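Novice: Listed here are the chains, written in short residue letters.
There are 2 protein chains.
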Amino acid sequence: MVASHQRVAVKLRRNPALDQRCINAIRFLSVDAVQKANSGHPGAPMGAAPMAYALWDRVIKHNPRDPRWPDRDRFVLSAGHASMLLYSLLHLTGYGVSIDDIKNFRQWGSITPGHPEHGLTPGIETTTGPLGQGFANGVGMALAERMLAAQYNRPGAEIVDHYTYGIVSDGDLQEGISSEAASLAGTLKLGKLIYLYDDNDVSIDGDTSLAFNEDVGARFRAYGWQVLGPIDGLNADAVEAALKEGQGDSSRPTLIIVRTTIGYGSPNKAGKASAHGEALGVAEVELARKQLGWSYGPFEVPEDVAAHMREAVDRGASAQAAWERRLDDYRRTDPAEAAQFERDLKGELPAGWQKVVDAVHGTFDKPLATRAASGRVLVAATQVIPALAGGSADLTESTQSHVKGRPVLSAANYAGRNIHFGVREHAMAGISNGMALHGGLIPYCATFLIFSDYMRPAVRLAALASYPVIFVYTHDSIGLGEDGPTHQPIAELVALRAMPNLVVIRPADAHETVEAWKVAISRRGGPTALVLTRQALPLLANDEKWRGASRGAYVAMDSERSPEVILIATGSELNVALAAGKQLQGEGIAARVVSMPSWELFEAQPLDYRESVLPSAVRKRVAIEAAGRLGWERYVGLDGLIIGMTRYGASSPGAVNMQKFGFTPENVADQARSLVRQGKD
Amino acid sequence: MVASHQRVAVKLRRNPALDQRCINAIRFLSVDAVQKANSGHPGAPMGAAPMAYALWDRVIKHNPRDPRWPDRDRFVLSAGHASMLLYSLLHLTGYGVSIDDIKNFRQWGSITPGHPEHGLTPGIETTTGPLGQGFANGVGMALAERMLAAQYNRPGAEIVDHYTYGIVSDGDLQEGISSEAASLAGTLKLGKLIYLYDDNDVSIDGDTSLAFNEDVGARFRAYGWQVLGPIDGLNADAVEAALKEGQGDSSRPTLIIVRTTIGYGSPNKAGKASAHGEALGVAEVELARKQLGWSYGPFEVPEDVAAHMREAVDRGASAQAAWERRLDDYRRTDPAEAAQFERDLKGELPAGWQKVVDAVHGTFDKPLATRAASGRVLVAATQVIPALAGGSADLTESTQSHVKGRPVLSAANYAGRNIHFGVREHAMAGISNGMALHGGLIPYCATFLIFSDYMRPAVRLAALASYPVIFVYTHDSIGLGEDGPTHQPIAELVALRAMPNLVVIRPADAHETVEAWKVAISRRGGPTALVLTRQALPLLANDEKWRGASRGAYVAMDSERSPEVILIATGSELNVALAAGKQLQGEGIAARVVSMPSWELFEAQPLDYRESVLPSAVRKRVAIEAAGRLGWERYVGLDGLIIGMTRYGASSPGAVNMQKFGFTPENVADQARSLVRQGKD
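Those sequence lines, one after another, are chains A and B. The opening position of the first sequence corresponds to residue 1 in this note's numbering, with each subsequent residue numbered one higher. The opening position of the second sequence corresponds to residue 1 in this note's numbering, with each subsequent residue numbered one higher.
Derived from the structure by calculation, the hints contain no laboratory data. Any given hint could be a false lead.
Cut-off 30 angstroms, straight-line C-alpha distance, at most; resulting in silico cross-link-like pairs (DSSO-like, lysine-lysine) [unchecked claim]: (1) B/Lys680 / A/Lys366; (2) A/Lys660 / B/Lys36; (3) B/Lys103 / A/Lys660; (4) A/Lys404 / B/Lys272; (5) A/Lys680 / B/Lys680; (6) B/Lys36 / A/Lys103; (7) A/Lys36 / B/Lys680; (8) A/Lys189 / B/Lys660.
DEER-style ranges, computed between Cβ atoms [to be verified]: (9) B/Gln383 / A/Pro302: 52 to 60 angstroms; (10) A/Glu245 / B/Asn38: 37 to 45 angstroms; (11) B/Gln605 / A/Pro267: 55 to 63 angstroms; (12) B/Asp249 / A/Ala322: 55 to 63 angstroms; (13) A/Ser209 / B/Ala415: 14 to 22 angstroms; (14) A/Gln605 / B/Val656: 32 to 40 angstroms; (15) A/Leu18 / B/Lys366: 36 to 44 angstroms; (16) B/Glu397 / A/Ser295: 29 to 37 angstroms; (17) B/Asp358 / A/Arg524: 52 to 60 angstroms; (18) A/Asp639 / B/Lys680: 19 to 27 angstroms; (19) A/Glu245 / B/Glu397: 55 to 63 angstroms; (20) B/Asp543 / A/Gln605: 21 to 29 angstroms.
Some residues of chain A that are not near chain B, with every Cβ distance over 10 angstroms (derived) [unchecked claim]: (21) Ile177; (22) Glu214; (23) Arg219; (24) Pro230.
Fair warning: this is a prediction, and the values are worked out from it, not measured in the lab. Built from N, CA and C at the ideal position, the CB exists for glycine as well.
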């Protein structure tokens, strides 16, 4: 590959005028689209076009006709607001992005939205826009590549062997998530990760020196990165040379500092913040055309440019064909590994995995924290699903996310499958998203529920863009005890439930935890959050009613006659509700107890099932959950009541907290009884 | 002050044995408390005791008898899990923390919770525990000090002149928020900020090299910090010398790398992760006593240690008295400034401020985005309330948070009041929290609502610990348009509403925006989030009904007879609801329209007011809000309906989005009509 790339590069160097025309074609497709939409970001594409051209025309290994070719180089536009740069590249190099798509930039129903969206547009590797996320995604992709290479490659049979490239902006590098991800990428020596830093000295507010005076190169060297440049961003040859120098050092990630001018070519806006986030204006677009000698009309691509850029299609086909041949050889020499490799890449689960996980049910014989049950599931599941890989943000033991017997992932051992992300929740989630995007792995990552707030922007993107990541959140309530209110989640559960396409499951015991994991592993269309206790919980009766957990809610204990009152609980509060229900039944009150580990799963059930669990006619309902009350009105309405938290928690032993805040069978029974008597007096 | 401190230090150096005893007293108070609670973190206090002693005994300027003395040095324990270190220091130096308080560590109702809580315990400057937050708070405190110094100090009358110190851990430095805050602190050259880095090579998962192999010193130099050390963490004299060297460079913040051993003194746990987060065990505590030659019983403080540490009281009293004299002089020479200074420190607002803000109502004459109305309020409010200071995370124009005419804050001009935080939402919130904690300023900070997710852990702490920060969130819905789903908040509103003690206000027009700002400025017991539109909204009728916004909800349009259906809306959807209401009324349906900008304010109203707005008997209710539906069941119950979002948004013009997703008078009227007809057929 290197040799053929060099030949291409040599050829290209013979026609600098054509290079320049290609670069200007990228610029003006972007400018014209923004102008037509009268909305968008022209400045970054104008400044970054030469580096993007150097990367896409001379270096990157991809196949526009098969955007999902597993061994393609990955490209991340972390500065997602420069989306038109990427759409222009996709169009010109032959991806399924037409000129009409470009003309529909930022319009209802188009495949060219304001910021790149994975799954919507062919060739978009990740959904970016919220700054810093792409940076972390790329680290995850590069990490996944090394992990799969360590697992599958054999001498002479390198079926996993690609780079991850990205363009990152000043804004990306200011966001904390990038710092976190960069530090871990350095620690893990991800040598095939190469980022171009679009260093244009301008952010929305103006000159970056207002708020960003650091020495970025020195900072990245401190993280253990190779730092190249600064190089002239107008010089595509220099960018190409730096990219190749980056490839040459496989022992550490590379940051190439590329000095650019935002809005380059616009006589009145170049170098100014005003070029950043709005259309240049018809007159200024004309002036830019003049300044750059671009005589073509809006959306016009000269034939020589089109022909040259489309060479990517043939190059891509031949690169992919070479890989297919390697894979064929591999299938012959290592058929079992090849089968597993292909299955993992498709995201398919091995036959019989559910049986293995189900067997964990049989190991429970005494009260157990759901985090501990989760740990047991992980041990079983990873034995049958090696692609399941993950770790925690420095809470390995607490979250029970370390799989004993599996090696630790490190720069010295990419075959490790226990990942230490460090105290970096946000990057952990962004990196896990990148691993899921890469394919071949099923990432999970763990921390305390309270720290879900630290990673929320990345969890949101997983839900928005349907990344199948498993978020494991332990220490899920005031029941965690002494660490106190700083560590006790109150708003976090409802904040997670509020995200469309995130399935949140808070199991009530070890059995429900197994069922929750089965849902999480099966779910390929989006992320799942498992919410688990620190404290031990009694086991539910071994009557397999808990299989209902996978339907989101089920009747855990019913009244003999039709219920007067329904107690609805999740997680650690189900046992409280069951005890209260028994007490009420003993008093002759027809009380039903519903376990409701997952609202999302329940709401996906058919109406008749939902009605069978929560009959519309029964309006006396009590929800019990050791978290903020908000949201439970969905199930208890205006006539029920909620036993939940209305303040932050307290530092005291967990059992004391549960009692002081009213999560006792007595209090639940008292309140339910009062509710039943209401209107009877 | 420097001279007197030096004398003290010289005296201390004459008694290294006493120093050692003081250090061990700190260690064993911490160890004993953790042991008694059988919960907590002994390792950090044991390792960090010498540096803490050096700082608290020889350097820091504070008055244990007046923990709120405005010119005290601030101390931030960013590694909040080391809380016992701080409680031990507070007890020994004479703050209102008794030995019984220490014995009640981590128990219900005690003032010594698992992690330090501001407002609960005298001398705790900020609530910490979630890592990285304290780091950013300290930057905010140091920034506030410089801002007030620039405003009030006169040659020879330096009434604002203190340092901000902190102890930060490996975990703190791994969190992205610290990177963000450190970079800004470097840019702003906060020379009076000095952090001790407790560099013990161990985090919860084990050796930090697992995930944290960076060169921390080089990284901080890249941010523009002075980096001292590494120095031996057992050597209090060396720590003292480094602290003074830090003071000597007023041109940049200082990080002192202090090499320590976690759990120092514990023969079997020193240097190990097992010393971090659990009691050592009775036997190991005994072994540690032996190893460190500590012959005293649990919670026993030798008299010489007590006497020596309590010298802080006299030192503090005399330091404060000197400052009071300076302030007296200042009152004589600059009476107006002195009065303002004292008022601002107390958090009092100047007389007549509301009238000035109210006058903004009169400037509205056409449709206006609520972000634009907010910008006008800021201009007016800052003229009468100079303490109101803030900025945005690189979205100054978009959020209309820049006050024209006020200078920009920079290292060259701390008198500036427009702050450029850079693309660092999380640090922005953490720094704003620190500014609020410092006192003397009323901080506001602005970004898009979607990025509230980036700053959520800091917003949560503001609410938990009652910091009066104003969070300004613009671009509040799918109505922002073309930037697309990556930028359109769906879950964010309910996620904010879920936080106890956060007041969220989403005003429906310019007038309601003025009222919202008045609430936010008045609110001293916690943070307020203002949620504002990008797009212009029609003005509500100038009948002053909108004054009801300050009560959270009010009847914006009523039916002639008692209502059959109530439409409830917030923000940009109120106009939609009003138009729908008119249509329904035209059809003879008794429709009421309620504007409900703030759930929290409404729920704080007396029952009769709430009943007057939302009569219990009227069950046909329709909530309309261009955000996720979750939570609105609180007001519409099981018999109403919610017109909201059930998916992420779309990239298209805002007006198109509003129409496609059903936020039109026609759709609202249709759905409300169907609801009214239900049960009538």
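Novice: Does the Cβ distance between A/Asp639 and B/Lys680 fall inside 19 to 27 angstroms?
Specialist: At roughly 22 angstroms between Cβ atoms, B/Lys680 and A/Asp639 fall inside 19 to 27 angstroms, so the hint holds.
Novice: For a C-alpha distance cap of 30 angstroms, please report whether A/Lys404 and B/Lys272 respect it.
Specialist: Since the Cα atoms of A/Lys404 and B/Lys272 sit roughly 19 angstroms apart, the hinted pair holds (cutoff 30 angstroms).
Novice: For the pair B/Gln605 and A/Pro267, does the Cβ-Cβ distance stay inside 55 to 63 angstroms?
Specialist: Holds: the Cβ-Cβ distance is about 58 angstroms, inside 55 to 63 angstroms.
Novice: Between the beta carbons of B/Asp543 and A/Gln605, is the distance compatible with 21 to 29 angstroms?
Specialist: violated (48 angstroms)
Novice: Do the Cβ positions of A/Ser209 and B/Ala415 conform to the proposed distance bound of 14 to 22 angstroms?
Specialist: holds (19 angstroms)
Novice: For the pair we were handed, B/Lys36 and A/Lys103, check the Cα-Cα distance against 30 angstroms.
Specialist: violated (70 angstroms)
Novice: Does the Cβ pair A/Leu18, B/Lys366 satisfy 36 to 44 angstroms?
Specialist: Because 52 angstroms falls outside the window, the suggested range is violated.
Novice: Taking 55 to 63 angstroms as the stated bounds, is the beta-carbon spacing between B/Asp249 and A/Ala322 within them?
Specialist: Distance hint for B/Asp249, A/Ala322 holds at roughly 58 angstroms.
Novice: Holds or violated: A/Lys36 and B/Lys680, Cα atoms, limit 30 angstroms.
Specialist: Cα-Cα ~51 angstroms, so violated.
Novice: For the hint 52 to 60 angstroms, verify it against the beta carbon of B/Gln383 and that of A/Pro302.
Specialist: holds (57 angstroms)
Novice: Regarding the pair A/Lys660 and B/Lys36, is the alpha-carbon distance no greater than 30 angstroms?
Specialist: holds (21 angstroms)
Novice: Check whether the Cα positions of A/Lys189 and B/Lys660 lie no farther apart than 30 angstroms.
Specialist: violated (48 angstroms)
Taken one by one, the earlier hints fail for this structure at numbers 1, 6, 7, 8, 10, 15, 19, 20, 21, 22 and 23, listed in ascending order.
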